[in-house]
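Participant: Those sequence lines, one after another, are chains A and B.
Going by my numbering, the first sequence opens with residue 1, and the numbers climb by one from there.
Going by my numbering, the second sequence opens with residue 1, and the numbers climb by one from there.
These are computed hints drawn from the structure, not numbers from a lab.
Only a predicted model underlies this, so the values are computations on that prediction, with no experimental measurement involved.
Note that beta-carbon positions come from the ideal geometry of N, C-alpha and C, so glycine has one too.
Where hints are given, some of them may not hold.
Derived pair list, reagent style SDA-like, types lysine to any residue, alpha-carbon separation capped at 25 Å [claimed, not checked]:
| id | chain 1 | residue 1 | chain 2 | residue 2 |
| --- | --- | --- | --- | --- |
| 1 | B | K63 | A | F67 |
| 2 | B | K63 | B | P31 |
| 3 | B | K63 | A | E139 |
| 4 | B | K63 | B | E98 |
| 5 | B | K63 | A | A102 |
Not close to chain B: a few residues of chain A, all C-beta gaps over 10 Å, as computed [unchecked claim]:
| id | residue |
| --- | --- |
| 6 | R55 |
| 7 | E79 |
| 8 | A80 |
| 9 | R82 |
| 10 | H84 |
| 11 | G85 |
| 12 | N145 |
| 13 | R163 |
| 14 | G164 |
| 15 | E166 |
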Amino acid sequence: MRARLKAPRAANPGTRAGLGRALAVTLCLLGACTRSVPTPARPAPADPPLDVNLRLLTAAEQRRAHFEEEATLVAQRVEAWRRHGHGELPPLEASPRESDAASWPEVRIRNATDFGLVVWFSGPCPRTVALAPRAEHAEELCAGNYDVVAELDEPGFDPFVGRGDELEDGAAYQVTFLLRPR
Amino acid sequence: MKARVALALTGLLALAAHRSPGSAERPDEEPALPTAAVLVAATPVSDVFLRAYAFEVTATALKELGFHVAPLQLTASRLSAAGRSPGACQEDAECLREVAAELGAPTLVLVRATKSGEAWQLGLRTSRVEVDVVTSAPTEIEGTVSDIFAGVAPVLAEELPGDLPCVVQIEGPAELQLRVDGDERRVSAGRAFIGPGAHRVELRAPGRAPWRGRLRCEGGRTFRMEAQ
Chain A
1 MRARLKAPRA ANPGTRAGLG RALAVTLCLL GACTRSVPTP ARPAPADPPL DVNLRLLTAA
61 EQRRAHFEEE ATLVAQRVEA WRRHGHGELP PLEASPRESD AASWPEVRIR NATDFGLVVW
121 FSGPCPRTVA LAPRAEHAEE LCAGNYDVVA ELDEPGFDPF VGRGDELEDG AAYQVTFLLR
181 PR
Chain B
1 MKARVALALT GLLALAAHRS PGSAERPDEE PALPTAAVLV AATPVSDVFL RAYAFEVTAT
61 ALKELGFHVA PLQLTASRLS AAGRSPGACQ EDAECLREVA AELGAPTLVL VRATKSGEAW
121 QLGLRTSRVE VDVVTSAPTE IEGTVSDIFA GVAPVLAEEL PGDLPCVVQI EGPAELQLRV
181 DGDERRVSAG RAFIGPGAHR VELRAPGRAP WRGRLRCEGG RTFRMEAQ
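Assemble the whole structure, with the sequences as input and the hints as a guide.
Facilitator: Encoded structure:
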């Protein structure tokens, strides 16, 4: 014989519904009925909009982003060389260029040795230039004061360190590295 | 035999001198050039000239192609930052992505340089950083210093032109979230990368209504989003 299971009855559902209806009618009579005249929900305060300026990065910003930190790194290296054994690099000499006095200074480097050469310009537009043996290179730098360091790719040579070369707009400079036996 | 280096300095230079292209002459207010970074892993590590020369020839070729190149010391410092080995970083997409973000350079040239006497060897690969990091197969260049100098430019000229990725540089309140074409985009070191073409961009910040706009990535440009 099977036992029949019954779901438990809700406690007096009819009574509850009746009470609810009576309460709603009472509230409506008191003017608080919300069913027929709904009160609009109060809007949440709007988030202030994000204000965004979208534009292209300029060439000046691009250079500045890289050069400022590069200048610090190169200056640290130059200072480290200065503290150790080194030769003195004589100051650069300049002469005005004929065509464009407003152009940026240009430095031509000639490596007349049989070794690789690395030249460091520590200043407002820092630069590291590497030249193969017997190679030449011309570099445009922005005007300003530069410490120049040259290092040959051969053990036994101390680096050469200059101090405070002022490079001016419209000027050209040249430096040639030669080896002379002692 | 120890010799000494003598220096001859003259102030005169002909105007027709060969110049290093793209070094600093771009007018200030023009849009920035596409940015590339040259990541050099040199063996032996202590060879300053090897590293500088490998960088120099690669950077010169990139400038000829119209790129702004992140400078040597800055790049080297990022590449060898705490926990990074230049050689290992070249094989690690996550490391490449981080270095690219720190330098704002979605185009990377990965160089492995070795030298034994007069014999040089350069392994060149290019990487584009967008949603993924895509790296080309290596091209080997061997020979003397002159061979290396002549060999780099043609390789890069073949691999790099075309659609370049762009950079979105973001400044503003903390916890900014960038969405590109509906997908959240990772922002690292204040920068995100997007591929060529037209995009819908959305910038969100907690407690603020999002900003929505459009941008077109072409020519490897760098966009700046300043949020307030």
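Participant: Examine each Cβ of chain B, and state whether all of them lie more than 10 Å from the Cβ of H84 (chain A).
Facilitator: The claim holds: H84 (chain A) sits with its nearest Cβ about 14 Å from chain B, beyond 10 Å.
Participant: Please confirm whether A80 (chain A) is truly not at the interface, meaning its C-beta sits more than 10 Å away from all C-beta atoms of chain B.
Facilitator: The claim holds: A80 (chain A) sits with its nearest Cβ about 12 Å from chain B, beyond 10 Å.
Participant: If we take the beta carbon of R163 (chain A), is the closest beta carbon in chain B still more than 10 Å away?
Facilitator: Holds, because the least Cβ-Cβ distance between R163 (chain A) and chain B comes to about 14 Å, which exceeds 10 Å.
Participant: With 10 Å as the threshold, tell me whether R55 (chain A) passes as away from chain B on beta-carbon distances.
Facilitator: Since the minimum Cβ distance to chain B is about 6 Å, R55 (chain A) lies within 10 Å and the statement is violated.
Participant: For E166 (chain A), is the shortest beta carbon distance to chain B beyond 10 Å?
Facilitator: 13 Å, holds
Participant: Check whether the Cα positions of K63 (chain B) and P31 (chain B) lie no farther apart than 25 Å.
Facilitator: Answer holds: K63 (chain B) to P31 (chain B) is near 16 Å, not above 25 Å.
Participant: Closest CB-CB distance from E79 (chain A) to chain B, is it above 10 Å?
Facilitator: Holds: least Cβ distance 13 Å, greater than 10 Å.
Participant: Does A102 (chain A) lie within 25 Å of K63 (chain B) when you go C-alpha to C-alpha?
Facilitator: It holds: about 23 Å lies between the C-alpha atoms, which stays within 25 Å.
Participant: Would the hint linking K63 (chain B) and E139 (chain A) be met if the CA-CA limit is 25 Å?
Facilitator: The hint holds at about 13 Å.
Participant: Checking a non-interface call: every C-beta of chain B should be farther than 10 Å from the C-beta of G85 (chain A). Is that right?
Facilitator: 13 Å, holds
Participant: Under the criterion that the straight-line Cα-Cα distance not exceed 25 Å, is the pair K63 (chain B), E98 (chain B) satisfied?
Facilitator: Distance of about 23 Å is within 25 Å: holds.
Participant: Determine whether the non-interface label on R82 (chain A) survives the test: each CB of chain B must be over 10 Å from its CB.
Facilitator: Consistent with the label, R82 (chain A) stays out of reach of chain B, its closest Cβ about 17 Å off (over 10 Å).
Checked against the numbered hints listed earlier, the structure breaks hint 6 alone; every other hint is satisfied.
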